[in-house]
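With chain W held as given, fit chains H and Z with the ligands onto it using these hints.
Top to bottom, those sequences are chains W, H and Z.
Just so you know, we're using the working numbering here: the first sequence kicks off at 3 and counts up by one.
Just so you know, we're using the working numbering here: the second sequence kicks off at 48 and counts up by one.
Just so you know, we're using the working numbering here: the third sequence kicks off at 11 and counts up by one.
If you are wondering where the hints come from, they were derived from the structure by calculation, not from laboratory data.
Hints are supplied without guarantee of correctness; some may be wrong.
No more than 27 angstroms apart at the CA atoms, straight line, and that leaves these computed lysine-lysine pairs for BS3-like [unchecked claim]: (1) W:Lys278 - W:Lys172; (2) W:Lys244 - W:Lys38; (3) W:Lys232 - H:Lys165; (4) H:Lys164 - W:Lys81; (5) H:Lys95 - W:Lys302; (6) H:Lys134 - H:Lys59; (7) W:Lys81 - H:Lys165; (8) H:Lys214 - W:Lys232; (9) W:Lys9 - W:Lys237; (10) W:Lys294 - W:Lys283; (11) H:Lys95 - W:Lys147; (12) W:Lys38 - W:Lys172; (13) W:Lys232 - W:Lys145; (14) W:Lys294 - H:Lys95; (15) W:Lys244 - W:Lys147; (16) H:Lys95 - W:Lys172; (17) W:Lys244 - W:Lys126; (18) W:Lys172 - W:Lys9; (19) W:Lys237 - H:Lys165; (20) H:Lys95 - W:Lys145; (21) Z:Lys100 - H:Lys120; (22) W:Lys156 - H:Lys95; (23) W:Lys116 - W:Lys232; (24) W:Lys38 - W:Lys237; (25) W:Lys116 - W:Lys126; (26) Z:Lys411 - H:Lys120; (27) Z:Lys411 - H:Lys137; (28) H:Lys214 - H:Lys165; (29) H:Lys134 - Z:Lys411; (30) W:Lys126 - H:Lys164; (31) H:Lys120 - Z:Lys143; (32) Z:Lys279 - H:Lys59; (33) H:Lys165 - H:Lys53; (34) W:Lys81 - H:Lys214; (35) W:Lys126 - H:Lys49; (36) W:Lys294 - W:Lys278.
The lines below spell out each chain.
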Amino acid sequence: DKASAQKQIVIRYGTDLPPHMPPVVGQHWWAEEVTKRTEGRVTVQMYPASSLSTQAAALQNVLTGVCDMYMLSTGVHRKSFQISALTVLPGAGFPDDTLEANTAHMNTFFELLKRYPAAAAEYKDFGELFFYVIYSQSYLVCKGKPIRVPADVKGMKIGSSGIRMDLMAKLGAAPVMDLPPKAYEKLQTGVTQATFAAISAVYDFKLYEVSDYILDIPFGGGGHPIVINKGTWNKISPQDQKIMKELAMEGARRSHQALADLNRRSWKEMTDRGMKITANKEERRLWEDQFKGLWEEWIKEIEASGVKEAREIFNFWKDSADRAWK
Amino acid sequence: MKLFTKVERGLKSISTGLAMIAAIVLAAMMLLTVADVVGRYFFNHPIKGTWELVGLLLVCAGTWGLGYCQMEKAHISITILLERFSKRVKLMINIMATFLGLVGFSLISWQMFLLAKKYFLLPRGNVTDTLELPYSPFMLSLSISAGMMALMLLANLIRSLAEVRRK
Amino acid sequence: MNPVGAGLAGFALMILLILLGVNVAFVLILLGFVGMAIIMGVEPALSSLAIISFERASSYDFAVAPLFLLMSAFVSRSNIGKEAYELARKWVGQFRGGLAMATSVACGIFAACCGSSLAEALAMGKIAYPEMKRHNYDSKLSVGIIAAGGTLGILIPPSMGFILVGILTQLSIGKLFIAGIIPGILEVIFYMMTIYLLCKFNPQLAPPTPPIPLRQKLGSLKLSWPVLLLFVLVIGGIYGGVFTPTEAGGIGAFGALIISLSRRQLTGKTFYACLLDTAKTSAMMIALILGAFIFNQFLAVTRIPFVASEWIVGLGLNKYIILTIIIIMYIILGMIFDIYAIMIVTIPIIFPTMIAFGFSPIWYSVIMVRMIEIGLVTPPFGMNLFGLAGVVDVPIGTLYKGVIPFVIADLCHVALLIAIPSLSTFLPEMMISK
Ligand code: NA
Ligand code: NA
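In isolation and in its complexed conformation, chain W is listed as follows (with noise of 0.2 angstroms):
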């Protein structure tokens, strides 16, 4: 009986989000299962909505073992990640709206760290990777005059974070720190004209009601790895690391499914409203032509830190993209 005792394993798995958000809902159902399914040898309690830990220390948090498992984002953490911050370039990323889509984007990161010993050494501080879910990509929504291209930008006060801050400086905007759950208040009073945000985002936080137009330009995605304690890791019988992987795949597709369902709800309701705006052909080279500048950057980047293949991980993964968009 003692030693049965000492075997159970309990794991505590925080998330930034409210338990019933599409990219969590599966984490949460798989929660439940490993627990059912490994007869409580291992116990996954939920810590949603940032109970335990932010999104910002949860990389401290999983590494000390505070937390056991932390879904983070590949977004918020670009400068730890910087291969797998891949997803968060803007217009290299994958579509959002279908399960496959976003099945074929979580296999394309796992095969990249299979094919890409650089990209798995960002995990190596952790235990196995076995757990991805994709986040939807961001989109720039805006007030009064519609933005088409880069040139509009200039000039306008436009919410944004990380990486797509950057670009906008460089188009000649005033950037302003900006993220969902505040970006309504922003928009509304005027604070911003514009702001990036995840097109789930957009329906979630119901950034339409102080919004006129979406441009349908994919301004980047995101990545959320799920992250576990090395030394929790190692201590769960090979036989239940099984399971938990197993389930780890029905748990992503459940996220997956959920969130391409919350992705096209959005976009009808955007077309419904009258508020999106369809790149034609030259304005999408436009905004390409800037994109560019962006990949190269982080090519040069990752090269600079000494990873040779930089140039191939990045046409690898943008000629997934490409494929999905298909």
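Below, chains H and Z with the ligands alone, put in the same frame as chain W:
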């Protein structure tokens, strides 16, 4: 005891000095916010990374006054019951309180120092997102202010223990 | 030791030590650490101390509080606050409790500038308390209305409370903000009625001043321009899209500084005193915040809030009985813990059930924000009380006694909001959705 009084006086002036710096940084946070808003609204030119910098400056503005706050006995406690106790019990509780605070802030200071060191040695991911400012100096500054607080508490503890012995 | 047991022991010890007179921040930091060490192990608990401390001490959102504090330091050192109360005295001083009622209105107006209840209580404490004291108001009454009125910061928009609830429930933050307006105004009225009743039964609380001829009253209006200018600057700036509520603290401080300087009411020496005093109060506040977040992490890993909310959801009782149980739970938990931590854990579990019962999501969110407000001022653990105790010269026991009538008013107000949901839902439903 004479030496101790000297050390204590030294600690007090350092604490006051740190609080003065915190005060000046507070004014800087105010001016930075104003400059950012004015730049953004009137000239379409916000100051890059203001929110990041204001957050980091808060480490200094908000915590470098910790020791001074302790010196002025401005940390909050609830004295409803305490007032009813005898002088001796009061002193004992005071010693316990000071001791608990001393342990708490020493742990924070020590752990903050370790975290600062860890971030200093990290190959990547140790700078802020927009301005790429290194985190470690700000972590170190929090370690210093918690350490200053601990030293003030230690001095208070020694004073109280001496008082017990005198009785 | 199992987590729930460790939790209960930790909470009991926390209350005991705080009531014995150990500094609140010290208790929270040390017990939070020991509790985490028992449940998670020493190593994670140690690193938690550093991770939490740095994250919270460098949080942009908390920067708003010291900046509003600085603003109120300028307002109270120069004559801006004094003149505003001089004006109030001339107009409403002859009524019993007139200045306290004026303070509750001022809290309502300040709430339109400030999205944080703690920041508002600290700022109003600095401005309003010395003035009411000068006019011989009983300190119980003065601190009671400031502590309670300060909580309006999260009911009247802008509001960090509604932003939090909006994130957890995915409701339109714009609609939630609008929903808080009528309940907020009603809350001010409830506080005024409370003051009226308190003064009626105990006239000593608020000595009236002799009435003043209308001519003098009108003449005193010119006293209002500095404070009016400051409010117009901050409220106008927020709603005119010039700056965000978080930036409003810095702007307000700067505005107060400029007004004081232009009227030569601030010397280099007093300017410096304002800064140093704010640095001291900010350190007090940050120590409390660090303690609260360290203890919150312990609270989370005990799983007690999760267990409690799952238990309630699973009861399967009539929806109004469940609602009553939830409210009682929040009142009790809010007396012992940082109410924000309770909300973050419990709302995601309880909210879907309440909506399934057919309650209006917007209305329920307003009730939740009201519960946060109440939790901030219920003894013994009330973040606003702790903060306020740091800026006024009264013992916290007086604060405890002073706030109780207003907590009772809060409960009546909540009962009214529950009885008439349209008070909360009327305005947001009117909002034209494009
Ligand atoms: Na407010
Ligand atoms: Na309370």
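The hints, checked one at a time:
As the CA atoms of Lys278 (chain W) and Lys172 (chain W) are separated by approximately 25 angstroms, the hinted pair is consistent with the 27 angstroms bound. At roughly 14 angstroms between alpha-carbon atoms, Lys244 (chain W) and Lys38 (chain W) fall within 27 angstroms of each other, so this suggested pair holds. Of the supplied pair hints, the one linking Lys232 (chain W) and Lys165 (chain H) holds, its CA atoms being roughly 18 angstroms apart against a limit of 27 angstroms. With a C-alpha separation of about 18 angstroms, the suggested pairing of Lys164 (chain H) with Lys81 (chain W) holds against the 27 angstroms cut-off.
Under the criterion of a C-alpha separation no larger than 27 angstroms, the hint pairing Lys95 (chain H) with Lys302 (chain W) is consistent with the structure, at around 23 angstroms. Between Lys134 (chain H) and Lys59 (chain H) the alpha-carbon distance is near 26 angstroms, which keeps this suggested pair within the 27 angstroms criterion. Of the pairs offered as hints, the one joining Lys81 (chain W) and Lys165 (chain H) holds, with about 16 angstroms between alpha carbons and a cut-off of 27 angstroms not exceeded. A threshold of 27 angstroms between alpha carbons decides the hint, and for Lys214 (chain H) with Lys232 (chain W) the separation of about 55 angstroms lies outside it, so the pair is violated.
For the hint pairing Lys9 (chain W) with Lys237 (chain W), the CA-to-CA distance comes to about 9 angstroms; that is within 27 angstroms, so the pair holds. In summary, the hint linking Lys294 (chain W) to Lys283 (chain W) is supported, as the alpha carbons are separated by about 16 angstroms, within the 27 angstroms threshold. A C-alpha spacing of about 25 angstroms is found between Lys95 (chain H) and Lys147 (chain W), which places the hinted pair at or below 27 angstroms, so the restraint holds. The suggested pairing of Lys38 (chain W) with Lys172 (chain W) is violated, with an alpha-carbon distance near 52 angstroms, which exceeds 27 angstroms.
Between the alpha carbons of Lys232 (chain W) and Lys145 (chain W) the distance comes to roughly 47 angstroms, so the proposed pair goes past 27 angstroms and is violated. Pair hint Lys294 (chain W) plus Lys95 (chain H) holds up; C-alpha atoms about 23 angstroms apart against a cutoff of 27 angstroms. The hinted pair formed by Lys244 (chain W) and Lys147 (chain W) fails the criterion: a straight-line CA distance of about 54 angstroms is larger than 27 angstroms. About 12 angstroms separates the Cα atoms of Lys95 (chain H) and Lys172 (chain W), which keeps this hinted pair within 27 angstroms; it holds.
Of the supplied pair hints, the one linking Lys244 (chain W) and Lys126 (chain W) holds, its CA atoms being roughly 19 angstroms apart against a limit of 27 angstroms. Using a Cα cut-off of 27 angstroms, the hinted pair Lys172 (chain W) and Lys9 (chain W) is violated, with the two alpha carbons roughly 55 angstroms apart. Among the hinted pairs, Lys237 (chain W) with Lys165 (chain H) is consistent with the structure: their alpha-carbon atoms are about 25 angstroms apart, no more than 27 angstroms. Simply put, Lys95 (chain H) and Lys145 (chain W) have alpha-carbon atoms about 23 angstroms apart, close enough for the 27 angstroms limit, and the pair holds.
For the hint linking Lys100 (chain Z) to Lys120 (chain H), the alpha-carbon distance of about 38 angstroms lies beyond 27 angstroms, and the restraint is violated. A threshold of 27 angstroms between alpha carbons decides the hint, and for Lys156 (chain W) with Lys95 (chain H) the separation of about 16 angstroms falls inside it, so the pair holds. As the CA atoms of Lys116 (chain W) and Lys232 (chain W) are separated by approximately 19 angstroms, the hinted pair is consistent with the 27 angstroms bound. Simply put, Lys38 (chain W) and Lys237 (chain W) have alpha-carbon atoms about 18 angstroms apart, close enough for the 27 angstroms limit, and the pair holds.
For the suggested pair Lys116 (chain W) and Lys126 (chain W), the alpha carbons sit about 13 angstroms apart, so the restraint of at most 27 angstroms is met. Using a Cα cut-off of 27 angstroms, the hinted pair Lys411 (chain Z) and Lys120 (chain H) holds, with the two alpha carbons roughly 23 angstroms apart. Simply put, Lys411 (chain Z) and Lys137 (chain H) have alpha-carbon atoms about 23 angstroms apart, close enough for the 27 angstroms limit, and the pair holds. Restraint check for Lys214 (chain H) and Lys165 (chain H): not satisfied, since their Cα atoms lie roughly 47 angstroms apart, outside the 27 angstroms limit.
Note on Lys134 (chain H) and Lys411 (chain Z): the hinted pairing holds, with a Cα-Cα distance of about 25 angstroms set against a maximum of 27 angstroms. Restraint check for Lys126 (chain W) and Lys164 (chain H): the C-alpha separation of about 21 angstroms stays at or below 27 angstroms, so the hint holds. Pair hint Lys120 (chain H) plus Lys143 (chain Z) holds up; C-alpha atoms about 23 angstroms apart against a cutoff of 27 angstroms. Between Lys279 (chain Z) and Lys59 (chain H) the CA atoms are separated by roughly 21 angstroms; this keeps the pair inside 27 angstroms, and the hint holds.
A threshold of 27 angstroms between alpha carbons decides the hint, and for Lys165 (chain H) with Lys53 (chain H) the separation of about 36 angstroms lies outside it, so the pair is violated. Proposed proximity of Lys81 (chain W) and Lys214 (chain H) is contradicted: the alpha carbons are some 60 angstroms apart, above 27 angstroms. Proximity of Lys126 (chain W) to Lys49 (chain H) is assessed by CA-CA distance (about 56 angstroms); at most 27 angstroms being required, the pair is judged violated. Taken as a hint, the Lys294 (chain W) and Lys278 (chain W) pair is honoured in the structure, with Cα atoms around 24 angstroms apart against an allowance of 27 angstroms.
Comparing the model with each numbered hint stated earlier shows that hints 8, 12, 13, 15, 18, 21, 28, 33, 34, 35 do not hold.
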